[in-house]
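Enquirer: The chain contents come next:
There are 2 protein chains.
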Amino acid sequence: MTEALASWRDGDTKRAILEFVRTVVAEVPVEERVAVFDNDGTLWCEKPMPIQLDFILRRLTAMAEADPALRGRQPWQAAYEQDHAWLAGVLTEHYAGDDRDVRVLAAGVLAAYDGISVEEFEEQSERFLRETKHPTLGREYLRCTYAPMVDLLDLLAGNGFTTYIASGGGRDFMRPISREVYGIPRERVIGSAVALEYRPDERGGTIIHRAEADYLDDGPQKPIRIWSRAGRRPLLAAGNSNGDLAMLHFAQRPGKPSLRLLVKHDDAEREFDYVAGSEQALAEADRRGWTVVSIRDDWVAVF
Amino acid sequence: MTEALASWRDGDTKRAILEFVRTVVAEVPVEERVAVFDNDGTLWCEKPMPIQLDFILRRLTAMAEADPALRGRQPWQAAYEQDHAWLAGVLTEHYAGDDRDVRVLAAGVLAAYDGISVEEFEEQSERFLRETKHPTLGREYLRCTYAPMVDLLDLLAGNGFTTYIASGGGRDFMRPISREVYGIPRERVIGSAVALEYRPDERGGTIIHRAEADYLDDGPQKPIRIWSRAGRRPLLAAGNSNGDLAMLHFAQRPGKPSLRLLVKHDDAEREFDYVAGSEQALAEADRRGWTVVSIRDDWVAVF
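Chains as they are written, first to last, in the numbering used here: chain A, -3 to 299; chain B, -3 to 299.
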């Protein structure tokens, strides 16, 4: 591990990670070395808006272009008029405990891909991710992954860990690119999912999206979905927001080493500087002695 | 592959399997070599009743022993009185399209482990599977796996396939023993699941069973759950009943080799001889030219 974590600055955080990996390798059988990572804001950039939201807004815009009646209805109206204030307001209200507009937005999000096959959806998300640039960072979305976190994923994989993405974002949205950008194969992507329907046909049947959620992989759903997929409690969990709190707590087993990483966005120069949506997580990390990763102080490079 | 499938008799079936594996190895990248297996009646014995039903009936009996009021209510009454006729009737009605008693049985099944933690449930299912004998075959349940199917799983694993269990039975019921008996690790067990709930506590939270189904992994749900877990269409699917039909159809991709195996229970001497619940699957296999595995003719040994 001499050259491990080259993109991390020497210091307490890097030392804590390397020490954790050494202990796990010495004490824990390979099959129990499970690590889970949130995606948005933990493995790649989530500002000014989650990458998947950009993908969905473009689809809502195209729907409104095709059907004028949609232009007076939210969230199509906001997408069509590029009304970022409405979208930001939804999030602000959500943090304040008012989810009425979240439900309006969610209904639009679910309607956006109603009836599409899973294969077709993946083609569209892959094309978007390969062809679209981040609105302010001046780099392609696929190059908005955090180099130090990819280094960490590599270090873990090289030490017998099985890594999973446990994202609030869409499972099938990330799958086409997860191996290429993170080294995590599609079967180890856990994320939110829409309800699916199987329709028999002469090509072996087609699985299509329905306009309803199967589950939102956030908050207390994260441990449930990790258990359902991996069948194990993780030893390492990394997140950046309040929605990751349950997953961070869940990453512990009696008598085994554990590591909880909370990525703190405090670098306005190289990335973004924000705490909204992470207040409880940061307070809990402080109370519990979890490892806070400062983008400004701990990372040699961000991308 | 010279000694592959030693427990299979030479003949068309064995030849078809070996030819399929050879073609896949020559033509398909490793990450796309996905194979899915039903469990009850495909990998292990499901008569006189599914092994998990025995597990659940014992629990219902214990509940009725502790609470006399339950003894007059189905399905506790049938469990307590060992009324196999009632249980068989449920299945007969189900095949005839009447699911009223299936719902009564399902409600009891779901109530049986209401509130138990996932870890505790696994301890109980593992203990049961290790300590219980099959009622008529005179062998432990863990030795009721079909040796030729385990041979096949080994052959596939040795040729770069990723194998999954896609069972109508409970995912968490099979997980504690899947690696030991099939070489399939717990994260590759797909099966039915109850709804789970995460309860925070000082031990990293506890995930508990709720008395409602999350989904029943049968029929058209099988392709959906395979996609959700593996993110790929399989090249090989093996089943034995009508509930496997959608999964068998789903195992095909344009321009890629595929193999559909249907295990036929036609060996009253060494195992069981029955077709109830498999009629449509056998007819479809005949119509489509799928590979029917005759236990009597194709297997040197069953267990």
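Read the hints as simulated data drawn from the structure, not as lab findings. Beta carbons: idealized from backbone N, C-alpha and C, even for Gly. Heads up, some of the hints might be wrong.
Claimed, not checked - Subject to a maximum C-alpha distance of 25 Å in a straight line, what follows is the list of computed DMTMM-like cross-link-like pairs (lysine to aspartate or glutamate):
| # | chain 1 | residue 1 | chain 2 | residue 2 |
| --- | --- | --- | --- | --- |
| 1 | A | Lys252 | B | Asp197 |
| 2 | B | Lys252 | A | Glu118 |
| 3 | B | Lys43 | B | Glu198 |
| 4 | A | Lys252 | A | Glu176 |
| 5 | A | Lys252 | B | Glu275 |
| 6 | B | Lys252 | A | Glu176 |
As the list claims (entries may be wrong) - Not everything, but these chain B residues come out facing chain A in the computed CB check (under 7 Å):
| # | residue |
| --- | --- |
| 7 | Val114 |
| 8 | Ile173 |
| 9 | Gly201 |
| 10 | Arg206 |
| 11 | Glu208 |
| 12 | Pro219 |
Enquirer: Decide, hint by hint, whether the structure agrees.
Expert: Do the hints match the structure? See the list:
For a cut-off of 25 Å, the pair hint linking lysine 252 of chain A to aspartate 197 of chain B stands: about 18 Å separates their Cα positions. Taken as a hint, the lysine 252 of chain B and glutamate 118 of chain A pair is honoured in the structure, with Cα atoms around 20 Å apart against an allowance of 25 Å. For the hint pairing lysine 43 of chain B with glutamate 198 of chain B, the CA-to-CA distance comes to about 44 Å; that exceeds 25 Å, so the pair is violated. The straight-line distance between the Cα atoms of lysine 252 of chain A and glutamate 176 of chain A is roughly 31 Å, outside the 25 Å bound, and the hint therefore fails.
As the CA atoms of lysine 252 of chain A and glutamate 275 of chain B are separated by approximately 51 Å, the hinted pair breaks the 25 Å bound. Restraint check for lysine 252 of chain B and glutamate 176 of chain A: satisfied, since their Cα atoms lie roughly 23 Å apart, inside the 25 Å limit. The criterion of a C-beta within 7 Å of any C-beta in chain A is met by valine 114 of chain B, whose closest approach is roughly 6 Å, and the hint holds. Given the 7 Å rule on beta carbons, the hint for isoleucine 173 of chain B is violated: about 12 Å separates it from the nearest Cβ of chain A.
Given hint, glycine 201 of chain B at the interface with chain A, holds; its Cβ is 5 Å from that chain's nearest Cβ, closer than 7 Å. Taking 7 Å as the C-beta contact cut-off toward chain A, the hint placing arginine 206 of chain B at the interface is violated, the least distance being around 11 Å. Interface restraint check: glutamate 208 of chain B against chain A, minimum CB-CB distance 14 Å, threshold 7 Å, status violated. For proline 219 of chain B, the interface hint holds, the least distance from its beta-carbon to any beta-carbon of chain A being 5 Å, beneath 7 Å.
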